[in-house]
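Place chain B with the ligands on chain A using the hints.
From first to last, the protein sequence lines are chains A and B.
Number 212 marks the last residue of the first sequence (numbering that gives the first Met the number 0); no jumps.
Number 372 marks the last residue of the second sequence (numbering that gives the first Met the number 0); no jumps.
Think of the hints as simulated: they come from the structure by calculation, not from any bench.
Built from N, CA and C at the ideal position, the CB exists for glycine as well.
Wrong hints could be hidden among the right ones.
[Said to hold, decoys possible] Which residues of chain A face chain B? A partial, calculated answer using Cβ under 7 Å: (1) ALA116; (2) VAL120; (3) LEU135.
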Amino acid sequence: MSFITELGQYMAENSSDLLALTIEHLLMVVYGIGLALLVGVPLGIIAAKYEKVAPFILSLTNILQLVPSLAMLAILMIYFGLGFETMVIGLFFYSLLPIVRNTYVGIREVDNSIIEAGVGVGMTSLQLLRKVQFPLSIPFLMAGLRVASVIAVAVACIGPYIGAGGLGKEIISGISLQSEVKIYAGAIPAALLAITADLILGRVEKKTKQRTV
Amino acid sequence: MIELKKINKVYDDGFQALKDIDLTFEEGKINVLIGPSGCGKTTTMKLLNRLTEHTDGQILIDGKDIKEINPIELRRRMGYVIQSIGLFPHMTIYDNVATVPKLLKWEKQKIKQRVEELLNMVSLPPETYMKRYPSELSGGQQQRIGVIRALAAEPSTILMDEPFSALDPISREQLQDELVRLQKEIKKTIVFVTHDMDEAIKIADQIILMKDGHVVQKGSPQELLSNPANDFVKEFIGEERLGNNQSLPPLNKLIVKDYPSIPSTLSVEEAVNKMVSNHVAGLPVVDAEGAYLGVISLYKALDHKKASLVDLVDNTVMTVQETTDSNELLSKISGEKSIIPLLSEENKLIGVVDNKKLLEALHQIYKSKSGVA
Ligand SMILES: Nc1ncnc2c1ncn2[C@@H]1O[C@H](COP(=O)(O)OP(=O)(O)O)[C@@H](O)[C@H]1O
Ligand SMILES: [Mg+2]
Numbered sequence: 000m001s002f003i004t005e006l007g008q009y010m011a012e013n014s015s016d017l018l019a020l021t022i023e024h025l026l027m028v029v030y031g032i033g034l035a036l037l038v039g040v041p042l043g044i045i046a047a048k049y050e051k052v053a054p055f056i057l058s059l060t061n062i063l064q065l066v067p068s069l070a071m072l073a074i075l076m077i078y079f080g081l082g083f084e085t086m087v088i089g090l091f092f093y094s095l096l097p098i099v100r101n102t103y104v105g106i107r108e109v110d111n112s113i114i115e116a117g118v119g120v121g122m123t124s125l126q127l128l129r130k131v132q133f134p135l136s137i138p139f140l141m142a143g144l145r146v147a148s149v150i151a152v153a154v155a156c157i158g159p160y161i162g163a164g165g166l167g168k169e170i171i172s173g174i175s176l177q178s179e180v181k182i183y184a185g186a187i188p189a190a191l192l193a194i195t196a197d198l199i200l201g202r203v204e205k206k207t208k209q210r211t212v
Numbered sequence: 000m001i002e003l004k005k006i007n008k009v010y011d012d013g014f015q016a017l018k019d020i021d022l023t024f025e026e027g028k029i030n031v032l033i034g035p036s037g038c039g040k041t042t043t044m045k046l047l048n049r050l051t052e053h054t055d056g057q058i059l060i061d062g063k064d065i066k067e068i069n070p071i072e073l074r075r076r077m078g079y080v081i082q083s084i085g086l087f088p089h090m091t092i093y094d095n096v097a098t099v100p101k102l103l104k105w106e107k108q109k110i111k112q113r114v115e116e117l118l119n120m121v122s123l124p125p126e127t128y129m130k131r132y133p134s135e136l137s138g139g140q141q142q143r144i145g146v147i148r149a150l151a152a153e154p155s156t157i158l159m160d161e162p163f164s165a166l167d168p169i170s171r172e173q174l175q176d177e178l179v180r181l182q183k184e185i186k187k188t189i190v191f192v193t194h195d196m197d198e199a200i201k202i203a204d205q206i207i208l209m210k211d212g213h214v215v216q217k218g219s220p221q222e223l224l225s226n227p228a229n230d231f232v233k234e235f236i237g238e239e240r241l242g243n244n245q246s247l248p249p250l251n252k253l254i255v256k257d258y259p260s261i262p263s264t265l266s267v268e269e270a271v272n273k274m275v276s277n278h279v280a281g282l283p284v285v286d287a288e289g290a291y292l293g294v295i296s297l298y299k300a301l302d303h304k305k306a307s308l309v310d311l312v313d314n315t316v317m318t319v320q321e322t323t324d325s326n327e328l329l330s331k332i333s334g335e336k337s338i339i340p341l342l343s344e345e346n347k348l349i350g351v352v353d354n355k356k357l358l359e360a361l362h363q364i365y366k367s368k369s370g371v372a
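Chain A on its own, in the form it takes in the complex:
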């Protein structure tokens, strides 16, 4: 009981610092995923439209995902130095796979008869993509986005090792000071971020799905 009150007290006293860390955390995730969307959606589309390059694109993003997060960040640090940007790049790499793969699958999954109807009424390849294939792949993309954001929130916690901020700062200083309270004060908002992202994006995913079946 005393631990919980202690934790509550600590979090209340440091609420503005914690809020700043949370926002920083969220920003890293949003930038990372934003970049991943910017690059990943086109890559997924290219993979879906050009069967030949699909294995190349997919395995590349797969490999990125397989590199252990600490190792990846260390390598990135060699090239990009310490700081916020390096973390964003790391998160970008980590989010790429779910986004590329889900865009790819979403487009490939569109029913053949719908594609035939689109081509049959005289859509160009680009119009087919814009008006039919891409809109119909959005529920898949949303699922990918959901996975990506949960992963990104977690990976962002090791940010302080490469000089980025975020809630990891609180957790890591908790570890070095052997302060359980500090660790929880960092971990709980991080977990809440992940859960919220999961819930919201889950709802969006469901909504987009309704119209596409």
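Using the frame of chain A, we list chain B with the ligands on its own:
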């Protein structure tokens, strides 16, 4: 008009799906491609909007080689309806129907008018249905949308690949009826694929029966029914339908034997008198030996009383030979306004086809076919 000339289609895997196809799809007609599964119906249809390319031969659309027409433009000018309906599930009914007009960049107001008009045409009130999504419609309703989506941009040609076969029998019948009714208004060149002979007979102006990439027989439903080219055709049409059709009595039971005729040596005046006293509007004209020369019509005779009979004789009217099968006659006479003389092999006049008897015989057939007592 669409013409296929010596069309061959070999797929990438080496399979020859079409062999030497020669076909004409006439303007404003419903042309039905029919045949067993895998005979090449869909392949033939997809050649027309270049979803597949032919390997050999030539396809002409209004005289223009299809290879010289941009496929995208070609498809926008041709409606396309597929069996699986293929509505865009993420678009409202309005947007689905408006697809091609939007691709063609019509004005908003014009599109709206057109969509509403089309929905009304298939009895789906626009206020109720416009904003719905395809999944909120029944199968029959969805395919109505599929059909009007194809009609939206006023294409001159509509391709329909087994459009009604996935529907329940009642919706299917309804849509067939609607198509026939619609066609009377819109008069498109329709190419319609089916494997259902009843459907083909019901809607077709021309039936093209295919097998293994060949055309086995083509003609009006009546021609196929009355003159199946071989056993395959007979089998495909089915004994039942053939049986019904062959119940037409022989030709010599369907004529007026003592129909009046007039020798060409008499005057027009006399011809008029003869027609008036016999209550007929046309008379066969024969020479001294009784050989048939042609027909004189009452109206023409009245207009040219001073002319000589020979000059007024119309020798282009349809005649039938004694040896003709009655069933064949049926397919020929639709739309024939004149009397139809029946001639012997020596071209002698035997009599005139009796429309009343023919009509009775037809009624008889129709009754047994439709089961109406
Ligand atoms: N893309 C293709 N590649 C190879 N063979 C094909 C292809 N499409 C159709 N075929 C073959 O061509 C034949 C005719 O097909 P299709 O025109 O679809 O027949 P139908 O519509 O009359 O059932 C079939 O034997 C089918 O297996
Ligand atoms: Mg087919």
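Each hint tested on the structure:
no.	hint	verdict
1	ALA116	3 Å, holds
2	VAL120	5 Å, holds
3	LEU135	6 Å, holds
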